[in-house]
Structures are given as C-alpha cells and as structure tokens.
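For the protein sequence lines, the chains are A and B, in the order given.
For the first sequence, the numbering used here begins at 24 and goes up steadily by one.
For the second sequence, the numbering used here begins at 27 and goes up steadily by one.
Treat the hints as calculated values from the structure; they're not laboratory data.
Just to be clear, a hint being listed does not mean it is correct.
What the hints assert, rightly or not - Lysine-lysine pairs mimicking DSS-like chemistry, simulated, CA-CA at most 30 Å apart:
| # | chain 1 | residue 1 | chain 2 | residue 2 |
| --- | --- | --- | --- | --- |
| 1 | A | K90 | B | K84 |
| 2 | A | K55 | B | K91 |
| 3 | A | K95 | A | K55 |
| 4 | A | K141 | A | K42 |
| 5 | B | K55 | B | K84 |
| 6 | B | K55 | A | K42 |
| 7 | B | K171 | A | K55 |
| 8 | B | K171 | A | K104 |
| 9 | B | K91 | B | K37 |
| 10 | A | K137 | A | K104 |
| 11 | B | K84 | A | K137 |
| 12 | B | K37 | A | K42 |
| 13 | A | K104 | A | K94 |
| 14 | B | K91 | B | K55 |
| 15 | B | K37 | B | K84 |
| 16 | B | K84 | A | K55 |
| 17 | A | K90 | A | K141 |
| 18 | B | K171 | B | K34 |
| 19 | A | K94 | B | K55 |
| 20 | A | K141 | A | K95 |
| 21 | B | K37 | A | K90 |
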Amino acid sequence: MDMEERVVGEVLVVRPVGKRIDASGSADFKGKMVDRINRGRNLIVLDLSDVDFIDSSGLGAIVSMLKTLGKKGELRIGGLKETVDSLFRLTRMDRVFRIHPSAEEAVLALAAAKSMAKAPA
Amino acid sequence: MTHAKSAKSIKLVIDSNLEMVFLVGLAVKALCSHAPLSEVAVYQVELSVIEAVNNAIKHAYGNEKGHEVEIWVSLHVDRLTFQIGDSGRSMNEIHAPAMDYDPGDLEALPESGMGLYIMQSVMDRVEYHRRGERNVLTLSKFFEKNSEPPLAEARSNP
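Generate coordinates for the entire structure from the input sequences, incorporating the hints supplied.
If you want it as structure tokens, here you go:
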C-alpha cells in the first residue's frame, strides 16, 4: 500500500495513492499507520481523495487506526468520494469519524481544535 | 449452477488469493455500467460481490491459495445476479449481526465481520445453498421499476 505523507504544523497528512484499500492491502496499511502513531504522530488527516474503493477490511483498518490513537490523538478524514462515503454511511461509521469535504479543510479544522484546546480558559 | 436462459451471463474465475480479488471488482464494475444503476449503487454492488469473494477466500478456503472461486454474473431484464461459488468449508448461517454498536464506545467499534451486513443491506436478495460439493452464495439486485432496461437487453430487442 503506497502512500504519500506530509506534515502540516503538528498534523500528519497521509494520502494513499493506490485506488483501492481492500483486503489485499489493508493489513499493510494498518501496520504503517500504527507505526506512525507509535512514533508519536497523534494528529492525523487521512486524505482519501485518490481512493475509489474501500471494502470492509479497509474500513476495519481505518477503525483500527482510530482505536490505536485512542484518546491521546485525533483522526480526521478528508476528500471522500460519494461512492466511498456510502460505505461509511452503510456501516454507520459516518457517526464515528469526523469527515471533511477535503484534506485541507480537515487539516484546518484539526489545527483549530488543537489550538482551542491549548488556549487558556 | 442454474442460469435463466433469457439472461446474459459471464463466468469469472480467480484463484483463492486476495491479491486477485480486485480483478473481479474491475469486471463487476464494468458489467454494472451496462445496468440502470447509479454510480453509488454500482459501487455498493461491486462492494457486495467483493465482500462475498473475500469471505469465500478467508473463510471457505482459510486463506489458502490454489483453489477456484467462481463468479457467475447474469444480466436480466429486471435485475443483476451474482453467484459466488467455492468448494471449501460451508458457512453455518448467513444472518448478519446488526450494526448497532455505540459510536462513542471506541473499543466496541467493529473492525471485521461487516461483509455479510453490507451484502444484506445493499442487495435485494441474499441466498446461500450447498449444491453437491459446492457452496453457492447468490446476490440479486433489482432495478428500479421505472428505469431503462439494461443496454445489452435493449440491443438484442430493438
């Protein structure tokens, strides 16, 4: 599973470049993401704008990322195509993940949430 | 496997190897493009077939390569049917668990076991039979009543 990674401020933006996150690549994808989280990346935006197809194994890998982050981090999703979004709605995962129209908007929202959390009361 | 004579059918065969499943997805997507289905419906039908094929490889064959998974695709006037056949271990039941987890309970979120639920949510009929030494899962998707007939049907019945 090839993916491009860039860091914007404290946010790691991960963009899978293959068209599919399916049962053949989901374990590799999950392993790479858990590795990033274990190395201290806890603000992550998953840019799915290039992804045409996700099956339940791919979705399971993304759920696993969320569980690994736990309460110590945050995951946002951006750039979902309408088709792939329908998988999130079908499985009710649209209520679990914070989904933004684009990765850029996800980064801005995550950075804003982070700075608000840091601001003194 | 039985197929209605009026339907136009094609059989796809892949090895029981998850690396090969995307080929089924590409073929199913192309075949669905000849049916009166929306882009989202085509995706969901492809997804359902992929889930069925993944299940055959993972559960019927225990992820062991070297076995055949067959997919019969039939384009009818009013529906698409997919028959996914394997000769591995049978499923005991095809009742999917409900997706009624608590979205706020992180640890309770499902990471697997969603395939059958997806198939049963997307397809109009999901049937599972043992035929001789083979397991056959049949998925049917009916077209909306006021939709145009499939292109292939229109071509053969001008």
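Cross-check of the supplied hints:
1. A:K90 <-> B:K84: With a Cα-Cα distance of about 24 Å, the restraint between K90 of chain A and K84 of chain B holds, given a limit of 30 Å.
2. A:K55 <-> B:K91: holds, 25 Å
3. A:K95 <-> A:K55: Holds - the C-alpha atoms of K55 of chain A and K95 of chain A are around 18 Å apart, at most 30 Å.
4. A:K141 <-> A:K42: Violated, at roughly 37 Å.
5. B:K55 <-> B:K84: Cα-Cα ~22 Å, so holds.
6. B:K55 <-> A:K42: holds, 14 Å
7. B:K171 <-> A:K55: violated, 46 Å
8. B:K171 <-> A:K104: holds, 27 Å
9. B:K91 <-> B:K37: OK: K91 of chain B and K37 of chain B at ~20 Å, within 30 Å.
10. A:K137 <-> A:K104: holds, 26 Å
11. B:K84 <-> A:K137: violated, 41 Å
12. B:K37 <-> A:K42: holds, 25 Å
13. A:K104 <-> A:K94: Since the Cα atoms of K104 of chain A and K94 of chain A sit roughly 28 Å apart, the hinted pair holds (cutoff 30 Å).
14. B:K91 <-> B:K55: holds, 24 Å
15. B:K37 <-> B:K84: Measuring from Cα to Cα gives roughly 21 Å; hence the hint holds.
16. B:K84 <-> A:K55: holds, 22 Å
17. A:K90 <-> A:K141: Roughly 23 Å separates the two Cα atoms, so the pair holds.
18. B:K171 <-> B:K34: Answer holds: K171 of chain B to K34 of chain B is near 20 Å, not above 30 Å.
19. A:K94 <-> B:K55: violated, 39 Å
20. A:K141 <-> A:K95: holds, 14 Å
21. B:K37 <-> A:K90: violated, 40 Å
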